[in-house]
Amino acid sequence: MIDLTVVDLSRLQFALTALYHFLFVPLTLGLGLLLAIMESVYVMTGREIWKRMTRFWGVLFGINFAMGVATGITMEFQFGTNWAYYSHYVGDIFGAPLAIEGLMAFFLESSFIGLFFFGWDRLSRLGHLMVTWLVAIGANLSALWILIANGWMQNPVGAVFNPETMRMEISSFSDVIFNPVAQAKFVHTVSAGYVTGAMFVLSVSAWYLIRGRERAFFRRSMTVAASFGLASALSVVVLGDESGYVATEHQQMKIASIESMWHTEPAPASFTVFGLPDTDTHSTDYALRVPWALGLIATRSTDERIPGITDLVDRADGRIRSGALAVDALATLRRNPDDEQARMTFEAHKEDLGYGLLLKRYTAEPSEATQAQIDKAARDLIPNVPVLFWTFRVMVGLGFFFIALFGVAFYLASRRRLERHPLFLRVALWSLPLPWIAAELGWIVAEYGRQPWAIEGILPTFLGASSVSAGQVVFSLGGFILFYTTLAIVDVYLMVRTIRRGPEGHRPPPAHGVAAAAGHA
Amino acid sequence: MFDYEVLRLIWWGLLGVLLIGFAIMDGFDLGVGMLFPFLGRNDNERRAFLETIEPVWDGNQVWFILGGGAVFAAWPPLYAVSFSGFYVAMFLVLAALILRPVGFVFRNKLPDARWRRTWDWALFVAGAVPTLVFGVAFGNLFLGVPFHFDESMRSFYTGGFFGLLTPFALLCGAVSLSMICLHGASYAALKTGEPMAGRAAGAARIAAPVFIGLFALAGFWLWAGVDGYVITGGADPAGASNPLLKSVVRAPGAWLENYGRAPVTVLFPLLAIAAAAVSALSVGRRAGVAFVASALTIAMTILTAGASLFPFLLPSSTVPTSSLTVWDASSSRTTLGIMLVAAVIFVPIVLAYTTWVFRVMRGAVTLEHVAHGGDNY
Chain A
1 MIDLTVVDLS RLQFALTALY HFLFVPLTLG LGLLLAIMES VYVMTGREIW
51 KRMTRFWGVL FGINFAMGVA TGITMEFQFG TNWAYYSHYV GDIFGAPLAI
101 EGLMAFFLES SFIGLFFFGW DRLSRLGHLM VTWLVAIGAN LSALWILIAN
151 GWMQNPVGAV FNPETMRMEI SSFSDVIFNP VAQAKFVHTV SAGYVTGAMF
201 VLSVSAWYLI RGRERAFFRR SMTVAASFGL ASALSVVVLG DESGYVATEH
251 QQMKIASIES MWHTEPAPAS FTVFGLPDTD THSTDYALRV PWALGLIATR
301 STDERIPGIT DLVDRADGRI RSGALAVDAL ATLRRNPDDE QARMTFEAHK
351 EDLGYGLLLK RYTAEPSEAT QAQIDKAARD LIPNVPVLFW TFRVMVGLGF
401 FFIALFGVAF YLASRRRLER HPLFLRVALW SLPLPWIAAE LGWIVAEYGR
451 QPWAIEGILP TFLGASSVSA GQVVFSLGGF ILFYTTLAIV DVYLMVRTIR
501 RGPEGHRPPP AHGVAAAAGH A
Chain B
522 MFDYEVLRLI WWGLLGVLLI GFAIMDGFDL GVGMLFPFLG RNDNERRAFL
572 ETIEPVWDGN QVWFILGGGA VFAAWPPLYA VSFSGFYVAM FLVLAALILR
622 PVGFVFRNKL PDARWRRTWD WALFVAGAVP TLVFGVAFGN LFLGVPFHFD
672 ESMRSFYTGG FFGLLTPFAL LCGAVSLSMI CLHGASYAAL KTGEPMAGRA
722 AGAARIAAPV FIGLFALAGF WLWAGVDGYV ITGGADPAGA SNPLLKSVVR
772 APGAWLENYG RAPVTVLFPL LAIAAAAVSA LSVGRRAGVA FVASALTIAM
822 TILTAGASLF PFLLPSSTVP TSSLTVWDAS SSRTTLGIML VAAVIFVPIV
872 LAYTTWVFRV MRGAVTLEHV AHGGDNY
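One line per chain: the protein sequences are A and B, in this order. So in the working numbering, spot 444 of the first sequence is number 444, and the numbers just go up one at a time. Throughout, the working numbering is defined as the position within the second sequence, counted from one, plus 521.
Chain B on its own, in the form it takes in the complex (with noise of 0.2 Å):
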């Protein structure tokens, strides 16, 4: 149907999908995680924030399982390298996407308000812990990471864990947490009522010129001071993927290129600042606007790190030749096949019945519907 090369775009393409939708739709509710201790004054407060996200939050979730399966269905050297190699990392994400789950369904199971304000902050970690790790793991990309293959391509990674915490992987991860307590914040004031809408319009308006200060800083960073990676030579995009064969050099600025080659992705950094700046004036009047507006938000921070990075999926800082790219790290021609179909098949039909539960779940939780509810779970 199509020849190798175009299957591995458009599962680039499918990988920008997928982290999208993760980061839009669970973006929401770790958003409201991290925000809802602090926006909520008491009990019943806190129950409404927790209450927009609690029929969705499971099915969104799966965006980031299925981004799992997906990575490693399509790009194994990525999935084996990745989450091998950021082992620490991963670990502190699992438990936080452990604790979520957990902490919705028992939250309200007992009345006890210190068994309460203990699943709160858990809730919190939970948010904030994998928000910052995703920041810090997409601003490593940028930098290179310690890793290389020996000849059975079996990958070892030479760099520890507070090696991933340099200044400008943590400006990422601050970029990060930005972004999504903007999301979460404008979410939060569509989904509630008053006072706990103003409040979250609030924080929105904080969270997003500091999302916008960050994300120019980042640019700016990258431009000035990060090496880019280049491919010199070797790389068949139509080849078996074996990373060894091709050479690959460090240049200042080449992160940059790419937009020379194709200006109009120049557009991708400035609609995500435009759209962070709509969201925060939109906020207080029109939320269903603000909340539209984060989302583009989102989207075009990811697709500029994408336009960034292409056609690097993980770059090798200590042997740049071991880096993983779109032409040497996919998965089979026919296996690329088998899963595009799966996807434009189920696709559509998840998108389908999740917009049908989020129609099923319209309106906007108050106070008085907190106070005469019980526990849901």
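Just chain A, same shape as in the assembly (with noise of 0.2 Å):
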């Protein structure tokens, strides 16, 4: 049977390292843009203050980057060390985009991003914009990659079990690619990144701004900051929307779970904007209700009906008992693959083989399944619902302020008054963490709100975890909380050093001792 310690606890590892992770990440998708964007302004007006900014900013880039490249290590290898049958079974098709990651993006950003700290003197000007450009579109294109993965796990499409090998198998790489939950995930996350990396330049700036310092430089930074964060704030909630629309139509459970929807209504359904959601009498207490609204984001539709949870639920009571034949149907193939009886039976019931491994956490041969283990399977399917609703609403919320802050920097800036509203400055400074809380949030609602599923309707996550004790991932998970603990501390105050001692605390090196090299080479 399967040690659920040890699935709680790679779990629990997995949440805290990718969260952690996703701490630097959007940092690096917006910062590197705005830093590219303005190097161009340097090499387009050729003023100086303006590589001033880049080369500022550029440093704390450096120190966000360092960090966000550590820590996306652990994510790639723990696929293989805690979660060694996931990647077993879905390699063939998830490896892939992982592989094209490090191919096509990683190693672009990577590549050049020493060329960014060290090549100032040795590149002509349009040479080192070149190296920013590159160093910018490979972390977008490694976010691309990496949300083609992730999107497939919320909606395998192109891809087929195989018995002999007993694991899915790719059968439409298009498809991987060009799945629709990929690409809203895609715009929806970098977005999210940009409006991160405005945020932190706008905050920083309004640091200085507060207290009268390099008023020059931070009011134009202030202004980039304010444009490009206010696209970004009102692409972060448009795309937003869109990946809610994707979802109905594979994730119906989670958009239920969101809205607290127990019961399906009649179309179009009401938005739930507030309520308390009560999960043992299935209602959602004090709700206060928009008439229409969710029908219409969700289906883009007056007349299709949003199925609640409850119906979800006994919906499910068939395809698990249809996946319990599918399961025992492949045990039967694996030990004799002539057994034709066998493999019609497979075939007939294949679809709903990942609703027969639910039972897996219940009994050993789901095809002597009772009804009570069917129906807690059944429950399973429920993710947890108090928390989606709530995460859900903060980071849509959040996603509102945005657009309201940056919509005020950008009036100010275009007016230039930034400077004389100590007030605005104050709200955009205190607004600093706002950005990684929504980020944060939108990947529990994503991936919280995708359980009990490792990959949707295929795999469940408490069957995808290795086969290691559960001493080893306490020690592994101890391992990460000391040193991920020990390294943002650092990571915090050399940030907060950098900040405080300004554009003017950076001295920048002379050119390379090259002379030196013709004795050697």
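None of these hints come from the bench; they were simulated from the model. This one's a predicted model, so the numbers in the text were calculated from it and none came from an experiment. Virtual Cβ for every residue (Gly too), placed ideally from N, Cα, C. All the given hints hold, so there is nothing to weed out.
Computed beta-carbon distance windows for the label pairs:
#1 872/B to 368/A: 51 to 61 Å
#2 481/A to 840/B: 28 to 38 Å
#3 5/A to 765/B: 25 to 35 Å
Fit chain to chain and form the complex, with the hints in mind.
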């Protein structure tokens, strides 16, 4: 049987390391592009201040980038170390985008990041600008491939199960790449990164303007952040709506849980702005509802119905029974590949194989499951409704706040009145952590809302874990917590120190000692 | 385009290319990382050593990331079994690889001497641990690893961390350490001014004979004291990837049989030794030649291991039938084909811009430069 302690510890470790990694990724995405924009202005206008801006924000980018690289390695390893059965089961599909990410994107940003820092005196202006753009493009391409991989977990298209190898295998790579869930997630996620980058520049600049230091430098920085941030904030909300739309087709349970919609409503469904989800009575207390809104957002129609949680659970009963037959037939086929009867049964029920596997939590032989066990497995399909309900609402609320804040910033910047509003500057300063909070909540909605599946409808999370001991996972989890906490303290300390010292604190090094090379080359 | 068998062979070759790419590219900065706390006598000297690798280590490390991704995509069972089986060892490698990026960037941010010394030792550990672990892991490939599959292809690893540290495996770890030290030293000799370059050359002259001795000893041990593995039937090079269909036995001396079948492969170990000798002999006068030679040493050492093990990827010592081989541990034909197309397009592009980056950063780092420079990052 599966050791559920190992599963829970592995999930906790994955969640912590992934959320920690994503503290650094959005800033890399957003700030990288802002650096490229600032340096473009420098190359076009030839004004030194824009070069100083690129270099100052570049130092902060570098500290953050190192943390992003360091914590990203953990993510790639962890599928193998802690989710070995997952890796075997879907590696044929899931591994490809990860490998292509390395080849096409991570190589690009990592090879040129060194030249960004060390190449100022060795490259022409245009040459260095190209390097900066390649770093930014590399980071964004990297996000694309990672989200293609993640999108496939949410909506596993283009793959079939092969009984001979006991795993999912690719049937259409283009379906995997052009997976609508992956596309929507990509634009939503990079937009969130841009908002984070813009907020970082906006807040740090506000800190300087409040103190009246380096005004020309930070007024310009803030203006760039305001316009870039407004466009990004609009995009993250609008395209977030797009990812809500596509999720309804593939992850009805996730949508129903986010909305705490226990029962199917007549179309078009209303949107619950506020309420207290009650998981025992299957109801939402004190609900404040906007008629029609959810139906319109989720289905783009007035007559399509959105199924509620209890109806989805009822529907699952049949799929679990059918899946149990598939699991049984598959076991027979593994023993005797020539058993035609078993092959026919398997072919007839293989679409529900994943649902049958849900029963493995309760019985080693899904075909002999009792009604009580089937009911339990069906109820497992409900994610944590109150958590999803609230994380989603806070995230969306923050999204609208970002639009407002950057809207005001943009208005003030275009009127050249940024410095005359100390209240605005203070709000901008204290808003610094908000994009990170929104981004982390977004991942909680996406991945916690995916439970109990590792791969939606195909592989339950608990089956994906490695056959390692709980002690091993405790060791690595403890190591990560200790290690990551130390690094976080050092990282924040260096960031704050660099910011406090300001643009003048960073002394650019002189040209490399090329002359000595002659003797050795 | 290609049939399944050919694709598997190509991907076995590409696995070698990635391993060699990683060991050569990341190898020199791991090597410099191991050596610089000893070769640099003051902060400026140590900074000079570090500055030879700072602009390029990040790109180099991607060879490793890519290696992991490629094993995941092309050899999923190998990825699943080895990463979960070597759990603690993998965590140690991971910790080291996390320390490196932050170490490079954070070290020079504060002038405090204790702060810098701490990061120096962190970078030393971060260079030595992966080098040692990879060598030990290779040693365990020859010995076989205690794992098996159940009917649903779930893998079970039945050994522990300390079981990996057998004398032969530790010898392979030492081979790896000496090889990477040689490579790092020849790179440092090429890329630093005096007095650092002279000291690096001295380190290379020590590392090379140590490597040659250990490498030869490992070869002798492999012949005399390590049982190899042989497929005795049931493997279908064009069949579905199901490792449970074949039969495998252990046989003394089996790891050397491939050299009899394809005598040209004997050149791999011979060239590894010869290249190490050339590297040591040329390092004082022609550092460029010494660096190419140490890179060749690495390539030939990995090819030696690959030629011995073929077609095994990961033999199982407890249930030999569960062993992973080139014929039964790959991803599907479609995935291998797609990944091949991606590799054919992007590997040359990567090599092209990597070359350009090294060209831009050409020249040696001198003390004079370091003394006037600030924190680059």
